[in-house]
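Peer 1: Chain by chain, the residues:
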Amino acid sequence: MKPKAPTRNSETTSPLLECRDLRVSIGGQCVVDALNLAAGPGQSIGILGPNGAGKTTLLLALAGVRPHDNGSISLNGQEMASLSRREIARELGMLTQNTRFAFDASALEVALSGRHPHIGALGRESAADLEAARQALRDVELESLAERSCRELSGGEQRRLALAVVLAQNPSVMLLDEPTNHLDPAHQVAILDRLWLRVHHQRRCQVIALHDVNLATCYCTDVLMLFGDGRWDFGPTPEMLTAARLSRLFGCEIRAVSDHRQTVFAVAGGVQDVEPGVR
Amino acid sequence: MSAGSHAPIMAGLTALAAGSVLLALLLGNGSFGWPTTEVDWRIVSEIRLPRALAALVTGSLLALAGTLMQVLLRNPLADPYVLGVSGGAATFALGGMLLGLSMVPTELLAFAGALVSSIIVFVLGQGSGPWSTARMLLTGVVVAAGWGALISLMLALGDDQSLRGMLFWLMGDLGYARVSPWWLLLVIGITVVLMLRARSLNILAAGETQAALLGENPRRRYTEIYVAASALTALAVSIAGTIGFVGLIVPHLMRLVVGADHRRLLPAAALFGGAFLVLADALARNLFSPRQLPVGVLTALIGVPLFLLLLNRSGGRK
Numbered sequence: 001m002k003p004k005a006p007t008r009n010s011e012t013t014s015p016l017l018e019c020r021d022l023r024v025s026i027g028g029q030c031v032v033d034a035l036n037l038a039a040g041p042g043q044s045i046g047i048l049g050p051n052g053a054g055k056t057t058l059l060l061a062l063a064g065v066r067p068h069d070n071g072s073i074s075l076n077g078q079e080m081a082s083l084s085r086r087e088i089a090r091e092l093g094m095l096t097q098n099t100r101f102a103f104d105a106s107a108l109e110v111a112l113s114g115r116h117p118h119i120g121a122l123g124r125e126s127a128a129d130l131e132a133a134r135q136a137l138r139d140v141e142l143e144s145l146a147e148r149s150c151r152e153l154s155g156g157e158q159r160r161l162a163l164a165v166v167l168a169q170n171p172s173v174m175l176l177d178e179p180t181n182h183l184d185p186a187h188q189v190a191i192l193d194r195l196w197l198r199v200h201h202q203r204r205c206q207v208i209a210l211h212d213v214n215l216a217t218c219y220c221t222d223v224l225m226l227f228g229d230g231r232w233d234f235g236p237t238p239e240m241l242t243a244a245r246l247s248r249l250f251g252c253e254i255r256a257v258s259d260h261r262q263t264v265f266a267v268a269g270g271v272q273d274v275e276p277g278v279r
Numbered sequence: 280m281s282a283g284s285h286a287p288i289m290a291g292l293t294a295l296a297a298g299s300v301l302l303a304l305l306l307g308n309g310s311f312g313w314p315t316t317e318v319d320w321r322i323v324s325e326i327r328l329p330r331a332l333a334a335l336v337t338g339s340l341l342a343l344a345g346t347l348m349q350v351l352l353r354n355p356l357a358d359p360y361v362l363g364v365s366g367g368a369a370t371f372a373l374g375g376m377l378l379g380l381s382m383v384p385t386e387l388l389a390f391a392g393a394l395v396s397s398i399i400v401f402v403l404g405q406g407s408g409p410w411s412t413a414r415m416l417l418t419g420v421v422v423a424a425g426w427g428a429l430i431s432l433m434l435a436l437g438d439d440q441s442l443r444g445m446l447f448w449l450m451g452d453l454g455y456a457r458v459s460p461w462w463l464l465l466v467i468g469i470t471v472v473l474m475l476r477a478r479s480l481n482i483l484a485a486g487e488t489q490a491a492l493l494g495e496n497p498r499r500r501y502t503e504i505y506v507a508a509s510a511l512t513a514l515a516v517s518i519a520g521t522i523g524f525v526g527l528i529v530p531h532l533m534r535l536v537v538g539a540d541h542r543r544l545l546p547a548a549a550l551f552g553g554a555f556l557v558l559a560d561a562l563a564r565n566l567f568s569p570r571q572l573p574v575g576v577l578t579a580l581i582g583v584p585l586f587l588l589l590l591n592r593s594g595g596r597k
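Residue numbers (my numbering), protein chains in the order written: chain C, 1 to 279; chain D, 280 to 597.
These aren't lab readings, by the way, just hints derived from the structure by calculation.
Hints should not be assumed to be uniformly reliable.
If you want a taste of the chain C side facing chain D, the calculated C-beta under 7 angstroms gives, among others [what the hints assert, rightly or not]:
id, residue
1, Arg85
2, Arg86
3, Phe103
4, Ser113
5, Pro117
Sample of chain D residues lacking proximity to chain C, with all beta carbon distances greater than 10 angstroms (derived) [unchecked claim]:
id, residue
6, Ala297
7, Leu301
8, Ile322
9, Ile398
10, Ile399
11, Leu463
12, Arg570
Heads up, the beta-carbon is just placed ideally off N, CA and C, and yes, glycines get one too.
Using the sequences and the hints given, assemble the complete structure.
Peer 2: Next up, the structure:
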C-alpha cells in the first residue's frame with residue numbers, strides 16, 4: 001500500500017512534454033480545446049474522465065501519432081512536428097490501450113522491440129539492449145516466461161508484456177493508456193509502484209489515463225479532468241480530487257470515505273428501496 | 280535468440296534447396312539416374328536445369344512476397360495473390376493472346392497486368408484516414424473478382440486452340456518457364472536487401488500505431504512493402520503463371536520452424552519456398568509421366584490440406 005499521496009518536487013525544471021493551445025477532436029467532436037499542459041521531471045499526470053471523453057485520443061495526439069487541429073506540442077523543448085518518428089521514439093513511449101500480437105514471438109523478442117528506436121538502421125541488438133529487455137521483463141514479473149510465445153500469455157500477462165516494451169524503450173516521457181487494464185489488484189499496485197519509482201528517481205515524467213480514481217490519488221502528482229466536450233480542468237492532485245469535483249466530472253454522486261490512512265472515493269450507488277438480489 | 284542457434288536450420292534449408300535441384304536434374308520420364316549419354320547430358324543441362332532454376336526462383340519470389348504481404352496485412356494467412364495481382368496478370372496475358380499481340384511477349388503483358396492491378400488496389404484501397412488493412416483486403420478481393428469475370432469472358436470468347444495456352448496462366452505451369460542463372464543472383468540480392476530491413480519489418484508487423492510509437496514511419500514503410508511485394512509477385516507470375524499456396528504456406532510453416540523474426544524468416548522462406556516448388560515440379564513432371572501436370576495443380580493439392588492443418592493448429596492455440 002502507498003503510505004501517502006506522492007508530492008511533486010517544486011524545483012523548477014524545463015518541461016519534458018509541453019503542449020500549448022492544443023485542440024484535439026475525434027469525428028468532429030472536440031476532446032480538448034486550448035489545452036496548455038507542461039509535464040516536467042518527477043511529474044505524474046493522471047487523466048480522468050467519463051467513457052468517451054477522449055482520454056485515448058488525447059494521449060495519441062500527445063504521442064504525435066494522431067493529428068491535432070490546433071496548437072503545438074514540444075518534446076524536450078523541441079517542436080514535435082520538426083522531429084522524425086525515430087527521434088520522438090527515443091524520448092517518448094506509449095502503452096496503447098489494446099495490444100494485439102498478430103504473430104508468434106517470444107516474450108523476450110517482443111520486449112526487445114522496445115529497443116528499436118535506439119539501434120541504428122543496419123545494427124543489431126547489443127548485449128546491453130538484451131539486458132534492458134530482460135530487466136523490463138523482470139520489472140513486470142514476466143522473466144520466467146521470457147521464452148514463452150507472446151500469444152500463449154493470458155490477457156493480464158500480455159498487458160504486462162506490452163508495458164515491458166515501453167520500459168525497455170526507456171523514454172523520458174511515458175504515456176500510459178489504462179496500464180492497469182486486465183491486471184489483478186496486486187499487479188496493479190506493483191506496476192504503478194514501478195512506474196512511480198521510475199518517474200521519481202530517474203526524473204522522468206508520465207501521463208496516465210486511469211479509470212480508477214483511487215489509483216490516481218496514490219500515483220499522480222497532478223490530475224487533468226476531461227469533460228468530453230472540450231472543457232478541461234488541471235491542477236495538483238489534492239486540489240483536484242475532491243468528492244464535489246469528481247461527482248461533477250462523472251455525473252454521478254461520488255463520496256469521499258476516509259480512514260486514518262487514506263481517503264477513498266466511492267460511488268454512491270444502488271437504487272433506493274431496492275436491495276441487490278431482491279429485484 | 281542468437282543467430283548461432285539457428286545456423287544449423289539455415290544450413291539444412293540450404294542443403295534442402297541444393298538437394299531438390301539435384302533431384303530435379305536426375306529425375307525425369309519416370310526414371311532416376313545419373314546422365315550417361317550425351318543426349319542425357321543435354322536434356323539435363325538444356326531442359327531440366329533451366330526449368331529447375333525457374334522453379335527455385337519462382338518459389339523463392341512467391342515465399343518472399345507472401346512473407347511481406349503477411350506483414351502488410353498483419354495477417355499470417357495472407358498470400359501474394361490476395362490483392363488481385365494474379366488476376367491482373369492473367370487478364371492481361373489472356374487479353375494479349377486473344378487480341379493476337381504477338382510482338383509483345385506474354386510474360387511482359389503478365390508483368391504489366393500484375394502491376395496495374397497492384398496500383399488499382401493501392402489507390403482505391405487507401406482511404407483518407409489511417410492505413411486500413413481491412414479496406415485494402417476488401418478492395419483486393421473485389422478487384423480480383425473483377426479480373427475473374429474478365430477472364431471467364433475471354434475464355435468463353437477464345438477459340439479452343441488458344442484455350443490451353445490460356446489455362447497455363449490460370450493454373451501455374453513451369454513447363455515453358457526458363458530463366459537464366461542470373462535470376463538466382465537477383466533473388467539472393469533481394470533477400471539480402473530485405474534482411475537488412477528485417478528489424479523494421481518486425482516492428483511493422485505489430486501494427487501502424489505501435490510501429491509509429493517505436494520510431495518507424497508506417498505510411499512510407501507500408502508503401503515500400505506494398506511495392507516490393509507486388510513487384511516480386513508480378514515477377515513470379517510472369518515466369519510461371521499463378522502458382523497457388525506457396526506464398527501462403529511457406530512463410531507460415533517457416534514461422535513455426537525459425538520463429539517470427541524476419542531476419543531468420545526471410546532467408547528461411549526464400550530457401551524453403553524454392554526447394555518446395557522444385558520438388559513439387561519434379562513430382563508434377565513424373566507422377567503421370569509422360570503426361571506432365573501443371574505444377575499449380577500439385578501445389579494446390581498439397582497446399583489445401585496443409586493449410587487446413589495449419590489453420591486448425593493456430594486456431595486451437597488461441
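Peer 1: All the hints need checking, so say for each whether the structure fits it.
Peer 2: Hints, one by one, checked against the model:
1. A cut of 7 angstroms between beta carbons decides the hint on C:Arg85: the least distance to chain D is about 5 angstroms, and the hint holds.
2. Taken as an interface hint, C:Arg86 checks out: its beta carbon lies about 4 angstroms from the nearest beta carbon of chain D, inside 7 angstroms.
3. Among the interface hints, the one on C:Phe103 holds; its C-beta lies about 4 angstroms from the nearest C-beta in chain D, closer than the 7 angstroms criterion.
4. Contact between C:Ser113 and chain D, as hinted, is supported at the beta carbon level, the nearest pair being about 6 angstroms apart and thus within 7 angstroms.
5. Residue-level restraint check for C:Pro117 holds (minimum Cβ-Cβ distance to chain D is 3 angstroms; threshold 7 angstroms).
6. Here D:Ala297 stays apart from chain C, with its beta-carbon at least about 28 angstroms from theirs, past the 10 angstroms limit.
7. With a minimum CB-CB distance of about 33 angstroms to chain C, D:Leu301 clears the 10 angstroms threshold, and the non-interface call stands.
8. With 10 angstroms as the threshold on Cβ separation, the claim that D:Ile322 sits away from chain C holds: the shortest Cβ distance comes to roughly 44 angstroms.
9. With a minimum CB-CB distance of about 26 angstroms to chain C, D:Ile398 clears the 10 angstroms threshold, and the non-interface call stands.
10. With a closest Cβ-Cβ approach of about 26 angstroms to chain C, D:Ile399 is found to remain outside the 10 angstroms limit, as its non-interface label requires.
11. Residue placement check: D:Leu463 keeps its beta carbon more than 10 angstroms from all beta carbons of chain C (closest about 24 angstroms).
12. At roughly 41 angstroms from the closest C-beta of chain C, the C-beta of D:Arg570 stays outside 10 angstroms, upholding its exclusion from the interface.
This entry satisfies every hint, going by the numbered hints stated previously.
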